[in-house]
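As numbered in the working numbering, residues 202 to 892 make up the sequence shown, in order.
Hints in this document: simulated from the structure, not taken from any laboratory.
Predicted model, so just to flag it, every value in this text is computed and none were measured.
Just so it is clear, CB atoms sit at the ideal spot from N, CA and C, and this is done for glycine as well.
There's no promise every hint is true.
Stated by the list, open to error - Beta-carbon label-pair distances, calculated as ranges:
hint	residue 1	residue 2	range
1	A460	T309	33 to 43 Å
2	L537	D445	46 to 56 Å
3	A664	N437	32 to 42 Å
4	V245	G335	42 to 52 Å
5	T249	I323	37 to 47 Å
6	A253	D445	14 to 24 Å
7	L248	S340	37 to 47 Å
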Amino acid sequence: MKKRSMRAWRRVYFEAGRLLASGAALFVFYCEVTGSQATRTLLVGLLTASAATNTYSSLQITQLLATIVKDPTAMATTLRAMAPSSGTPFVAYLDVNSTTNQVGLQPTACTTPSDADRLYEIAFVQPLLATALGHLNLSETFVIVDCSFDGRVSADASTLKVFIVDDQLENFTSFFIQTVSVTLPAQHRTTTGGAATMTTTPLASMQLSEDGTSVTSSHVATYQVAVCLTFPYENNAWEAVTLDAIVPPTGQWHATVDATGEWFSFAGTEGIYRGSIDIQASFDYYYWALPADPIAYASSIEYFDAHVFKDSWGWFRCFIGLGISFNIGVNAVVALLVMLNLWLHDGLVWLPDLYPAIQRRALLRAILLLADAVMGNWWYAYQYAVNQGNYRTALVGTLYLEETTRDDGLMVCLAAVYIVADALRLRLQLAVVALAYMLCFSYRLELVNGIGFFASVSNAYLAARFDENLIAGNGGMDLWTAHENIETNYTLILTECTWLAVAIGIGVAFALGVAVVVAIDSRVRGTRHVVASRRHSSVSSFELMTISTFPFCWRHPTPYPKHHWSNRSTLYDELSPTDMENTSVERSCGRIAAQVYGFVAPHKDYELRDGTLFVSRSGVWLLGFVVVDNRYLVGIGQYLFLVLNVLVQYPLVQIYAFALDDDVVSKRKQRLFYYNLTRRSVWRVTLRPLR
202 MKKRSMRAWR RVYFEAGRLL ASGAALFVFY CEVTGSQATR TLLVGLLTAS
252 AATNTYSSLQ ITQLLATIVK DPTAMATTLR AMAPSSGTPF VAYLDVNSTT
302 NQVGLQPTAC TTPSDADRLY EIAFVQPLLA TALGHLNLSE TFVIVDCSFD
352 GRVSADASTL KVFIVDDQLE NFTSFFIQTV SVTLPAQHRT TTGGAATMTT
402 TPLASMQLSE DGTSVTSSHV ATYQVAVCLT FPYENNAWEA VTLDAIVPPT
452 GQWHATVDAT GEWFSFAGTE GIYRGSIDIQ ASFDYYYWAL PADPIAYASS
502 IEYFDAHVFK DSWGWFRCFI GLGISFNIGV NAVVALLVML NLWLHDGLVW
552 LPDLYPAIQR RALLRAILLL ADAVMGNWWY AYQYAVNQGN YRTALVGTLY
602 LEETTRDDGL MVCLAAVYIV ADALRLRLQL AVVALAYMLC FSYRLELVNG
652 IGFFASVSNA YLAARFDENL IAGNGGMDLW TAHENIETNY TLILTECTWL
702 AVAIGIGVAF ALGVAVVVAI DSRVRGTRHV VASRRHSSVS SFELMTISTF
752 PFCWRHPTPY PKHHWSNRST LYDELSPTDM ENTSVERSCG RIAAQVYGFV
802 APHKDYELRD GTLFVSRSGV WLLGFVVVDN RYLVGIGQYL FLVLNVLVQY
852 PLVQIYAFAL DDDVVSKRKQ RLFYYNLTRR SVWRVTLRPL R
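Generate the whole structure from the sequences, applying the supplied hints.
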């Protein structure tokens, strides 16, 4: 009874392990498919949806408006008292008084200095407003600077925001300028420029809030937009333009010049590219909100970013990713057909192990990925590291297209652990390593922030690289723009891939732990069984070790001598009658089932029937073959092509297979023609123990 119970538990363990392995293989398939789709998207370029990323607030302007609404006469008196007696334009600064700690106007400058203060002096503001607002008589207005404006506080000299009230205190205008990049399709030209957006609100439309510290307005804001194509280098005439849409669908505003009818686009830009933004690029288009509420516009400038990805050299990664997903998909389809036939004809429930047949291809895929990185000067890895690093350090960054990162990282992790497992002759559960990888990927930002390699060095580099987007204005306004990057920072890549190193480390530690536990367990419990072929027991014997401790299974055959058939090329030194070691099917296939290592689910490779050794059903699948019509042994990867040949009755693909004589496999492969099978018999694909 106890032995029967142990056999039952053993069977449950085997089936559960294979089910987990198949689930993990399907997860790999999902990652490969989604990763390849994302890579294909990169080939033609991708523009993400716009998202709010930053806000420049003006915290004190609503308090000033509340003061004006409460007592406009007193405020008019204050402003006129500050104005020069000559009546020339001047700037009043709204700031917290250092003595009274109250918000008020002061005539000279903001209390706390900023590197951007040069933009808010009358010498810069007056000529700028004179060209941008030619319809206003500046001698009859008051210009107000909110010293709490985040653009000024952060010394962002690519922005300028001032407020204008007329001397009768009837209208209030919010005026904002941002340096931008301009695309002129008719001229086939891209240039820099300045964009000014302004809205005027009647002060009579404003009402005090309940606490009297701010205001609301019943007025719906309408905006005037002007663009100067020589700005910020020359403050020439500003052209009035009409926007196609207040909210640009592509991250760039499209507009028409009112005077000439020329159509163009403009937006702020930030990011990197190599060669050209049409070849390899990772940058942002950004614009700012133009809300219907004029008080909201006065109190804050809300930025929206749309990220652009482009990698014209990503086609190679696309192909190598499709190869793995295609092979896993083929294995899954063939496995389903085998399961169906075994259930219908033999009443057996068999669960497949999908990954072992393609794990060597996965290793090759990781090697090719490394080759692609070297050939592309590590652009793909570098732009990923820059985006993740910027996002992690609260700079302008994105985690978009994480499917590509997840896929490539998984392949690298599985390849590294497979190399260790193969070297130590181990069989590991794929689900364990895949789960560890997904946990590391899901918490990658936390891992980098917590234990990132050279994180402080990389953070400093990210801050310096971000400033490279800035072109100094030499006394005027600065320009934020995407810039060319030709050097790869490998330290940054290492930092941002800390999570991948941790995932690989967990996988390798798991493999080493399995090796240690199995070695100790085998010595203590002595779970070694010697199985010998009764036909030539003196020659064909090997040790088969099975450790039934979840979640791994380890098989360790006795090393074979140098003259063994598996240690020589049978292409030039064919099998002879003396080569009787192992089973016939293994000798024909050129591979020993017990020596398939890596990510292999628990199962029995062999069965002993009446003193004769057979490769089990799962062992035949592990060798990479299926039985068709009980007459042919066909490679898993070739079976669907065989079906196609038979269905169309034409040799679209040449198929080679081993002939079967009951349970004995032919020595060599032979050409399998479509007329050797019928459209009905070709679907009889199954597995059976073979000698």
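Structure-based check of all given hints:
1. The hint said 33 to 43 Å for the Cβ distance between A460 and T309, and at roughly 39 Å that hint holds.
2. The supplied range of 46 to 56 Å is met by L537 and D445, whose beta-carbon atoms lie about 52 Å from each other.
3. Take A664 and N437: their Cβ atoms lie about 35 Å apart, and the range 32 to 42 Å holds.
4. The supplied range of 42 to 52 Å is met by V245 and G335, whose beta-carbon atoms lie about 44 Å from each other.
5. Between T249 and I323 the C-beta distance comes to about 41 Å, which sits within the given range of 37 to 47 Å.
6. The hint said 14 to 24 Å for the Cβ distance between A253 and D445, and at roughly 21 Å that hint holds.
7. A hinted range of 37 to 47 Å for the beta carbons of L248 and S340 is consistent with their spacing of about 46 Å.
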